[in-house]
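Residue numbers (the working numbering), protein chains in the order written: chain A, 211 to 488; chain B, 8 to 335.
No lab work stands behind these hints, which were simulated from the structure alone.
It should be emphasised that the depicted structure is a prediction, and the values quoted were computed from it without experimental measurement.
Just so you know, even glycine gets a beta-carbon here, dropped at the ideal spot from N, CA and C.
The reader is advised that the hints may include incorrect statements.
[Stated by the list, open to error] Some, not all, of what chain B presents toward chain A, calculated at C-beta under 7 Å:
#, residue
1, 32
2, 157
3, 167
4, 169
5, 269
6, 292
7, 303
8, 311
9, 312
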Amino acid sequence: MRQFWNKYSRNRPAVVGLGIVFCFVALGLLAPWLAPFKALDTGPHSFRPPDATYRLGTDDLGRDILSGVLAGTRVSVAVGLLAALTSTLIGVVIGAAAGYYGRTLDDFLMRVTEFFLVIPRFFLVLVMVALFGNSLWHVILVIGILSWPVTARLVRVECLALREKEFVESSRAVGASDLRIILRHILPNAVAPIVVSGSLQIARAILMEAGLSFLGLGDPNQTSWGVMLYNAQRFLRQAWWTAAFPGLAIFFIVMGFNLVGDGLNDALNPRQKGRELQ
Amino acid sequence: MARESGSIWRYTCRRMAHAVPLVLGVVVVNFTLIHLAPGDPILALIGEFQASPEFVQGVRQQFGLDRPLAVQLGLYLLNLLRGDFGFSFAFKQPVLEVILDRVPATLLLMGAALLYATLCGALFGVISSRRQYSHTDNFFTLVSLVGYSMPVFWLGQIFLILFGLTLPIFPAQGMESLRESYTGLARGLDILHHLVLPAFTLGLGYLAVDVRFTRASMIEVMSQDYIRTARAKGVSEQAVFYKHALRNALIPLVTITGLNFGFLLAGAVLTETVFAWPGLGRLMYDSIYARDYPVLMGMFVVISMMVIVVNLITDIVYSVLDPRIRIG
Chain A
211 MRQFWNKYSR NRPAVVGLGI VFCFVALGLL APWLAPFKAL DTGPHSFRPP
261 DATYRLGTDD LGRDILSGVL AGTRVSVAVG LLAALTSTLI GVVIGAAAGY
311 YGRTLDDFLM RVTEFFLVIP RFFLVLVMVA LFGNSLWHVI LVIGILSWPV
361 TARLVRVECL ALREKEFVES SRAVGASDLR IILRHILPNA VAPIVVSGSL
411 QIARAILMEA GLSFLGLGDP NQTSWGVMLY NAQRFLRQAW WTAAFPGLAI
461 FFIVMGFNLV GDGLNDALNP RQKGRELQ
Chain B
8 MARESGSIWR YTCRRMAHAV PLVLGVVVVN FTLIHLAPGD PILALIGEFQ
58 ASPEFVQGVR QQFGLDRPLA VQLGLYLLNL LRGDFGFSFA FKQPVLEVIL
108 DRVPATLLLM GAALLYATLC GALFGVISSR RQYSHTDNFF TLVSLVGYSM
158 PVFWLGQIFL ILFGLTLPIF PAQGMESLRE SYTGLARGLD ILHHLVLPAF
208 TLGLGYLAVD VRFTRASMIE VMSQDYIRTA RAKGVSEQAV FYKHALRNAL
258 IPLVTITGLN FGFLLAGAVL TETVFAWPGL GRLMYDSIYA RDYPVLMGMF
308 VVISMMVIVV NLITDIVYSV LDPRIRIG
């Protein structure tokens, strides 16, 4: 752990990224105490430019933008973490099954994986959310369910390489079950690529939720940055601040998670080149 | 020579055979969604509109909704093959017509974005790779990091506010000036004028990826043995760079561009919404608003087909540029 941190902290952009992520998580946790108003409460002053009372201005219904951005932090962080967690779990199960058991199962699962890699994910997510309803939980679940293929491929490759190793061979010889071998001996050795792809998936999930909300498929009962930008689109002429600040927040949080992902990649997989060449 | 072209054909056929299950998969996914959707499948097939009972009965019959699932799937596939994607109540037009009407505008936007992003991305990437860790390189690294993390629709909104409203150099909305009725060259220039902001917005994320990719690929190629051999033979540094390295370093860019086609389409849809560009994105936005599910599902099929075809073309172009791939 110490060794890992030494390596990671030498990478300045990665440390900056981690700082950004921590800031957002803290803001999200403390949002109810930091926000001057309730995010969904309408006020008497619509389209107020940023001033002393409304630090980031107000929107068409007089809602405080700063409070909205703070509430949106919770939504984005939740979407990012939960969707990435869901997709990582599915990816690990499918990848491990394909890589460990091989043959027909592997062929079949890899065909399915390839299919989900090729089809345009954003549009499938969009159709599913439109049909099944756009509550926040649906959005998280749908993004999570459709984002597993990259993880599955990574885990499969690791399993293929590890299952022939002597320590796996020997635990099989002493009668360990397949599940035990996978959980105790193979997956711990595959943690590095799983963590790296997980952190990059957080960034993608956040962007995807924002995009969906921007097209009008956001949860109307939640204040999310994408929904704020969706509302702002009609009033760009009158009120630039309704669009500027929520978007800036998306940009910074996505960059934060991307930097952390790249940093983890450099620290954990020193042999691999940047993800551009994968 | 004859043998070689033959092997290209064989490779092409193999890739095409590979694409068929993907196409069928898309149809099955869509079919499954229609049946999993809450309520009656008829909702997904018509949308939330007040259709006459005769019309609903007609759709039930056409899709065989009272027959076994396997028959329904067959009928659904048959309908799609015939180009019958259902009827859009919002547009009072067959779904496929509605969608195909919008494809050219989207392709124009994507083509423009891709063109400038690839050209500039390759150029900046090469410059970066030649001066590793210089100020220029660091600058491009920073720009590409920013471009990579920027939500494309927000970038569009900011450009729109800055260069469409505050400093109105470019038109903020639409694809043509509706008040004038330009023809010929004037019309082309007018469209081009409208194209600048959306294309620049859409391309920036790509530019970012292309810069990083070209830089990494160039650095890798320059460290290979055949480059050392060329240098040892006394080939000038210029010639080594442009003739030996650049060509090989840029081949992977073809793949990256082709494989990212789906992401580019998603970006295009979001960008169009910002600039009211009359393409698939605008249609998607309107259909979500109108709960016009047949159009949404039809769009998923059409867009998936486009992605599958572009992937196929990418594979084939790549195999022409790098014949080693065909053996694999």
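Status of each hint after checking the structure:
1. 32: holds (5 Å)
2. 157: At 6 Å from the nearest chain A Cβ, residue 157/B passes the 7 Å test, so the hint holds.
3. 167: Since the shortest Cβ distance to chain A is 6 Å, the answer is holds.
4. 169: At 9 Å from the nearest chain A Cβ, residue 169/B fails the 7 Å test, so the hint is violated.
5. 269: With a minimum Cβ separation of about 4 Å from chain A (threshold 7 Å), the hint on residue 269/B holds.
6. 292: holds (6 Å)
7. 303: Given a least distance of 5 Å, the restraint on residue 303/B holds.
8. 311: holds (5 Å)
9. 312: Hint on residue 312/B: violated, closest Cβ of chain A at ~10 Å, above 7 Å.
Of the numbered hints given earlier, the model fails hints 4 and 9; all others are met.
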